[in-house]
Every structure is written in structure tokens, then in C-alpha cells.
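Residue numbers (this note's numbering): 2 to 109.
For the record, the hints were derived by calculation from the structure and aren't laboratory data.
Keep in mind it's a predicted model, so treat the numbers as computed, not measured.
A few of these clues could be false.
[What the hints assert, rightly or not] Pairwise CB distance ranges (calculated):
(1) T33 x G87: 15 to 21 Å
(2) A45 x V93: 18 to 24 Å
(3) A28 x V71: 34 to 40 Å
(4) A83 x Y29: 20 to 26 Å
Cβ atoms here follow ideal geometry from the backbone N, Cα and C, with glycine treated the same way.
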Amino acid sequence: MTVDHGLAAALRRRRYLLSAWPWRALAYAVTTLPLAGAAALGAAVVAAPLLLVAGALRRGRPVDATALAVLAVLALAVVALAPLAGAPVAAVERWRLGLVDDRPVTDS
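Input sequences plus hints: build the corresponding full structure.
Dropping the structure here:
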């Protein structure tokens, strides 16, 4: 099956470097870092209470209850708000996909 659209097809063209495709691919790659950073930050907030407890147990010290409570509340807030963040993230991802693939996005 041959691909005749999007970035994959543009790479096979002789004048690829003179077209807009290198810039579109660069924009896609550059926008990956902030989105991945936001996802990593959310995962870090959720994992922070576990890491606090694990670090305290490994050192043989008591767990700081105040810090654990604050981190647990933040983790619960992130988990509770994660579904609400799905729609804007999906819109950004559809826009990013449009940079490297000019076909319309479908639900299937």
C-alpha cells in the first residue's frame, strides 16, 4: 500500500527542502516538547505522594503528614480534572496532526 499524502509523500518528492513541509515537520516536532512536558508534570503530581512515602520509608524516617496531605490533594485534583483537559488536548492534537497529514481527521 503506497502513501500518497502528507509528510510521507512529501519526503519522496525531489523538491522537498524547497517546500513548506520541512517547516511543518519542524513545527510538529517543536510542539511535542511542551505537550509532553505538561503530561509529565501531571504524572509527576500524581506520583509525588508515592515517591514521598517511598523515600521516607527507604531512609527510615517518618512520613511528613502535612506534605503528604498536600500532595495527595493535588494528586486528586489532577486526577479529577484530567477528563476536563481531554477536549482541549484533543483539539491541539488534531491541529498538530494537520501540520503533517493533510487528510481530514475521522472518528474511526
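*asked:* Under the constraints set out in the numbered hints, which ones does this structure not fulfil?
replied: As far as the earlier hints go, not one is violated by this structure.
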